[in-house]
Amino acid sequence: IFVQPFPGPGGRVQVSSRGGEEPVWSRDGSRIFYRDGRNIVAATIRATPEFEVTGRQELFPDVFVKRNLPHANYDVSPDGSSFLFLRETSDKEAVVIYNWLPEVRSHLKESREGSRN
Numbered sequence: 001i002f003v004q005p006f007p008g009p010g011g012r013v014q015v016s017s018r019g020g021e022e023p024v025w026s027r028d029g030s031r032i033f034y035r036d037g038r039n040i041v042a043a044t045i046r047a048t049p050e051f052e053v054t055g056r057q058e059l060f061p062d063v064f065v066k067r068n069l070p071h072a073n074y075d076v077s078p079d080g081s082s083f084l085f086l087r088e089t090s091d092k093e094a095v096v097i098y099n100w101l102p103e104v105r106s107h108l109k110e111s112r113e114g115s116r117n
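Residue numbers (the working numbering): 1 to 117.
If you're looking for bench data, these hints aren't it; they were derived computationally from the structure.
Each hint should be verified, as a subset may be incorrect.
Stated by the list, open to error - Ranges between beta-carbon positions, derived for each pair: (1) W25 to R112: 33 to 43 Å; (2) R27 to L108: 45 to 55 Å; (3) P9 to W100: 39 to 49 Å; (4) S17 to E113: 50 to 60 Å.
Everything numeric in this text was worked out from a predicted model, so none of it was measured.
Quick reminder that beta carbons are idealized off the backbone N, C-alpha and C, glycines included.
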């Protein structure tokens with residue numbers, strides 16, 4: 001994994017040390033998370049005065065589903081403390097709830113109204 005200024009000028013800086021794929025920037029821009037084939041890794045970076053990798057930490061073993069996609073197959077919470085991955089399962093069903101917050105609010109409202117009666 002390399003980082004390069006856009007639109008430039010500047011050279012490429014290598015982020016991963018043992019290969020890497022599916023990089024995801026932390027929301028605060030201080031880390032880049034990636035898969036190195038064995039682990040999920042967090043590379044700590046400093047962008048000024050020049051871009052530099054200041055450390056790498058193996059976070060946990062990478063046992064999650066990988067797909068040959070042009071983007072990361074996982075995401076990181078805004079505070080960098082949680083990850084969302086797909087995991088292999090024998091279940092052949094997936095449940096996706098779209099626009100779930102109004103549904104939860106509706107159930108909470110019904111629950112509150114029911115407890116008042």
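Each hint, compared with the structure:
{"no.": "1", "hint": "W25 to R112: 33 to 43 Å", "result": "holds, 40 Å"}
{"no.": "2", "hint": "R27 to L108: 45 to 55 Å", "result": "violated, 28 Å"}
{"no.": "3", "hint": "P9 to W100: 39 to 49 Å", "result": "holds, 46 Å"}
{"no.": "4", "hint": "S17 to E113: 50 to 60 Å", "result": "holds, 57 Å"}
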